[in-house]
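Student: Residue strings, one per chain:
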Amino acid sequence: MKAVFRASAPVLVIALGACGSDPAPEPTEQIVVREPGQDGSDAAAAAPAEEATDSLVAAGKAAFNTCVACHVVDDSGINRIGPNLYGVIGRAAGSVDGFKYSDAMTSSGITWTKEELDNYLANPAAKVPGTTMMAGAISDAGRREAIIAYIEDASAN
Amino acid sequence: MADTKTSEAAPKKGKWTRRAFIGAGVVAGGALVVGVAVRPGNPIDRLSPMLAKGKGEQLINAWVKIDADNIVTAIIPHVEMGQGIFTSLAQMLADELDADWSKVKILEAPADAKYVSHDIGREFLAPSLEVPAILEPTVGGTFLQLATAMNLQITGGSFSIRGTGQRAMRVAGAAAKEMLIAAAAEDWKVPAGELRAENSMIIHDKSSKSAPFADFAAAAAEQGLPNKPKLKSPKDYKLMGKTIARTDIPEKSNGAAIFGIDADLPGMKYAAVKAAPVVGATVESINADTAKTMPGVLQILNMGDFIAVVADGYWQAEQALGTIEAKYSKTEGDALDQDALFARYATMLDEAGDKDGDVETEEGDVGEAFASAATKVEAEYKVPFLAHATMEPMNCTAWVRDGKCDVWSGHQAPLMARKAAADTLGIDMDDVTYHNAYLGGGFGRRSETDVIIMATRIAKAAKYPVKMIWSREEDTMQDHYRPSATSRFQGGLDKDGKAVSWSNIHTHLFDPQEAPTVPYYNIANHKIRKIDVPTHLRFGPWRSVDHSQHGYFIESFVDEMAHAAGKDGYAFRRELLAGSARHLKVLDKAAEMAGWDKPLPEGHGRGIAFVPSFGTIVAEVAEVDMTGKKPKVKKIYVAADPGFAVNPDGFAAQMESSIAYGLTATLYGEISVKDGAVQQSNFHDYPILRINEMPEVEVEIINGDHKRLGGAGEPGLPPLAPAVTNAIFAATGNRVRELPLSKVNFA
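Protein chains in written order, with this note's numbering: chain A, 1 to 157; chain B, 1 to 747.
Isolated chain B (complex conformation) (with noise of 0.2 Å):
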């Protein structure tokens, strides 16, 4: 047990040791938040000892740090999962700052409530407030407390740039710069009006003086907090804009990087584990007889919901789990076939019928404009559950004693994992330390907290640090899955081709609540509803949620109507679009960028998908080449409009690599169900876009309204498989209503 009797918790790599010097400082006592951190009166003083423990540094507030050499520190209450947000919020607070972006740090805020994604929250509750308001106290606090209630320190919802970029990274660079500025007008005893700031220095002009902002550093944290610091304006942008590489790309590429899997601790031990097959069943017995005689096996656990073979190595728990046979009970979902989902949905379906559901939105009377419309067109699309397939598997570590816990992981919500080991020990919160990294993929799957709560578990029975490690298998077959899905379309035409009605009942599992509505379409008459399904599986947010199936199934209907009604697909929307001329110029610069009208080859098509989500309107036009056996993607257009890119770069990395996702998803992504248990398990059933089947992607920005920012990182990825399934139907005439298209027999 020599190992276990080490006290220290910090493990041997250099990065978790920094993190565990700001991680143990804040969580000790709190620190500033979002909002909070620009109010006047705020306690900053409570919080710099805790975060600038260095000789010399100098806390400016909770999401900036100055130190004698003059390095400004962003601190990010934001995750790296690959979508270059570390880099992106840096540029937006350094910029406000006007700091020497080659001086400019890094770090990731600790797990700690004062650092929730209070936005979130407030986005969420009311989303019409303007961007200023955030500066006002009581809406600030009132959502605070809610947002702390609800430990959303996330990333997730395309919402890092747009909500905490917008109102705490530039907020929190420009107030600091005001307070920097006014530290030095007391010093050099010049009024601060002549006073301006550029690459980390504070300029006088009129005396030609100049110094580094840390000499003033820590006299500015003397000064009251500016109420309402002010914005730049995009002429004034230095950075924001700008293409800058990203901070984590030399470490990602030489190996440096660090991700929750890497986790290493003296005495550290490995577990596997094996969940029953059939979610909700429990194990009730197991035969553990061979794997006890295995090398390396310390521990055999029956957790009652999965199993964990403990072991000195991952290799020899896994292969001590594969010799252990168990029982599981019997459950209610056991019975349960793919079919029969989409049997179930269907009944339902059938019984909500043309007035039961529950009501999204309602405009016009439907029925009575479907019902006198000169074509009617009616259609069913279908879309299979889907799993994440983060490239990095499922992981994280755990050292639960002496009533303490400390947990190591890659989490889109650290304050979330560090909650759940928490109420998992029944312990208080301040007693878990939680140690994030970066994650290898996120996509929604790394929001969940179930492998933070199994490595906690088997921590504690085991009483020594203990890494747990989910197999491919593990993973594809215990996702938290992207629901499965069911949507029935009526939509009316009158006698010029001109939509009047659009009629939707899909089944309902999810988020965001905008994602079946169509309210930048021009339609007169629209109703859409939705059913509840149950069913024994876990659903999560999967890379754009709810905006995956609908933007399908929309795009999909809007293409079968422009069809009816005799027109091209681009035209028809064009119409619908007319009252929205930001939208248009999106739509429009897609189908420019893609040679619209020009001719293809024979057995080529070309489709076109248009769906704003997220803040962020995308159209895309994808090119398919329909001669050989089974669709060949060739390009993918996409025109975006996120009112703004912070990094070009950035934007345009995001778009592409939710085409890949996408594409991978509409090809092939497919988990279903028989007997109750997901019969795929790994890459060959499972399969990803493999590099040769990437089409070319050329995305082109569009910068709308610089003051309402919209997401990146999801937004690509709705209108891909509609450009792609109305491109086949402008080469084949076969329209495909049910994904992935490796079902679909083109030959």
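Okay, chain A solo, but in the shape it has when bound (with noise of 0.2 Å):
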């Protein structure tokens, strides 16, 4: 006997949904807590800085979020899937307590300045081949110090 081959899978669906219909109703409530651009975070994120550098360290603290996902910088002794910041600069590469790095970061011989920070968020790739840091290059030199900045001044608190 052969077999007879009908419909394809949604087209029943389909038939069914094919019939007009009105417009959805409008939302039973509705609460604007406000318009995008007015206060909230949209105005916060404009408010003129103190100072330079404070505006450096928020654009740091922004500019972070790209490494929060592996990265903290406070005095917790907590690492995550990459070493906890706290304290870096100044501090020899490869040298938090119980973070376990790779061959080549130990053996870099690199002390972090903000120089060689700097040079390594560039691409961490380049610097020390074979590091375990997948992502976090950052192309834009503003944004490298900002988030030196912002690791500098989440240091010292």
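What the hints contain is simulated information worked out from the structure, not anything from laboratory work. Do not rely on the hints blindly, as some may be mistaken.
[Stated by the list, open to error] Partial list, computed: chain A residues near chain B (C-beta under 7 Å):
hint	residue
1	27
2	28
3	33
Ideal Cβ placement from N, Cα and C applies to all residues, glycine included.
From the two separate chains plus the hints, produce the assembled complex.
Tutor: Next comes the structure, spelled out in structure tokens:
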């Protein structure tokens, strides 16, 4: 007996769904807290900074969002996917207790000055070939500067 | 409100812009369709200014475009959701056109009525028409109208290659080639019969003249469209049947690919949503006191059937949504638990007894044959609801302004999505522009329009662009589920162990109609009935649709009959398939690959299952290790006959992914209901197969009939579950009659 192949999967659904319909109902309750651009975070972001460094740190804090999946900057001693960056400036590379670094990082001989960090963040794999930091290359020099300023500021708290 | 003053709808990313180019052009007026594209007298000149906008570009027909640099663009009327269809359909077009593959580009067709999947309606309504009939104007026109009415620009039903590929892309490629040759013949003043095409060049061997397609593109468009362009026979295929690397892989590997969730607009805000947990209930009231004070929150909406929070960021919206307390209306569904639902199925099946229910197929006299059978076999099987769990969360971005609407998503039926947005707003479809992107998994889930409607409603209320993203919890709890089902069988064997009767009654929920039937098995008396059981949950197509349940039911029961007959499962199926050489060849191939007769280690078992679906015949043999506490599926052998595999590696990949998806369901998949609401919420309680659980898969393809192609996306799935459970039986004697396996204690 020969198989008979008929309707393809979703045809019936569509046939049923093809009938016209009235416009969908309006919200039964609409609470407008604010319109975009008013108050709230947009305003906060646009607020004039008290001084230049603060705005750089604030920009760095925002830019650090790229990093937060793997790094924290606090004195908790907790490492995540990447090492805790608290006090990283001035520290020898590969020296946070309890974090399993790549051999490449441990034997890099780097001491993390701001310049070295800037260098590294521009292209981690080029600076330390074999590093396990797969993400995080930041091509924009201004963002690197801001991130480093934020790390320095957060380490001072 | 500075953001919303921007009148330019084109988002930032490159791919969207490219889509906007073609979309904007075509949506304004209309284009050609399959079948009509190759009919004489079609208004091709109406189309070319809309599609061929680039300098020196000339439209050949709605499916192919050739530019001044001799680049051939295949316009694909289906969506790419990981199945590789862009590449395979372009292969079919380019092969018939004799195009240089290195100069072929791919463009997704716009969501326009003139790109409807004309053939899908045709196949549905008159399956017996043969391929060339598509060129017959009256029939084509009739089905075109039906298909247009049904908004069938859809990717599903494992249909793209066997429908659009065979009947549109190939025909369009062949037609374009004939038109180019005709134009060259005029220009060179030689008979068309002396010309041929190769690697995007027209060649005249006698005079050693050759020139690129591009030189004749403009003149070709002036040619009459060939009524019946000549299609190649398999011996002349240059691209079809060859493994060609998928064009979408590089961008999906390096992260450049744009999915629906990547939509990015100036001034766009984010919405998180939560629907009433019991489908059908309404949100009576909300307490948003905390949410109102939370950072980033712009709006809190009680939409009646769901709650939405719009905020500057998605996380802010999701966090605020979590603080909202809501009261929901009572519904009849509130009382329903999973056990009660299966009890309802059982009661209704009991009431149907031997006679009631809708008869789907009947042949011979089952009652008489079963009554007089030497051996009687009876069994009942159950499967649960299943969610789709697409990798990319459900999402849709919409912008409603000035009586018009733009919608961005990844949808299996772009035209349906466009219509859904139009209907939601009560505006004309011409005022909706729908932008489709890659789908991060479809599986049928993205053929529903619920997310499109919800996002459009939110965007209408907000008046600025809003991207709505469902949480994984929302996706798991508010899916359109693969239905749960119960199926009962009675089978009769004569004194020689030959199957003489097959009777089946099952709870009915969906499609395709042939899923519960077994016409390929030679059983003289058979009767299959269905009963409809209402539930409040929403059902939707799930990869392989009803074949996912019935493949398991049927192939489990065939195995039980084999066992009752004292026969081997493979040998018993061979008897039932004796009259069908093509089916038998597939079964034999799977058994041969698996070394069916070779002994396995103690505690290991081998099971076979055979399910033709979506035009492709598939047999699978599973090897399962039962020496541990739970089944370990070691290896799956797949033999498949899709007629002709256009891209063998792509076809094999679909078999493998069907096994990953099907094994997830077999081992773990269960959506259950308590107090009317779905109990599962995320991957911790709705797990997905892990890489260490993936069996080795071996695929062999049989090209059994190049004229009638089958699908690839779904047919690999239905035989998987029964092959595994039949293997468990072989190893342990434990017959699994209810899925998933995680519910069974094998200790």
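Student: If a hint holds in the structure, say so; if it does not, say that too.
Tutor: Hint-by-hint comparison with the structure:
no.: 1; hint: 27; verdict: holds (5 Å)
no.: 2; hint: 28; verdict: holds (5 Å)
no.: 3; hint: 33; verdict: holds (5 Å)
Violated hints for the displayed structure: none, as all numbered hints are satisfied.
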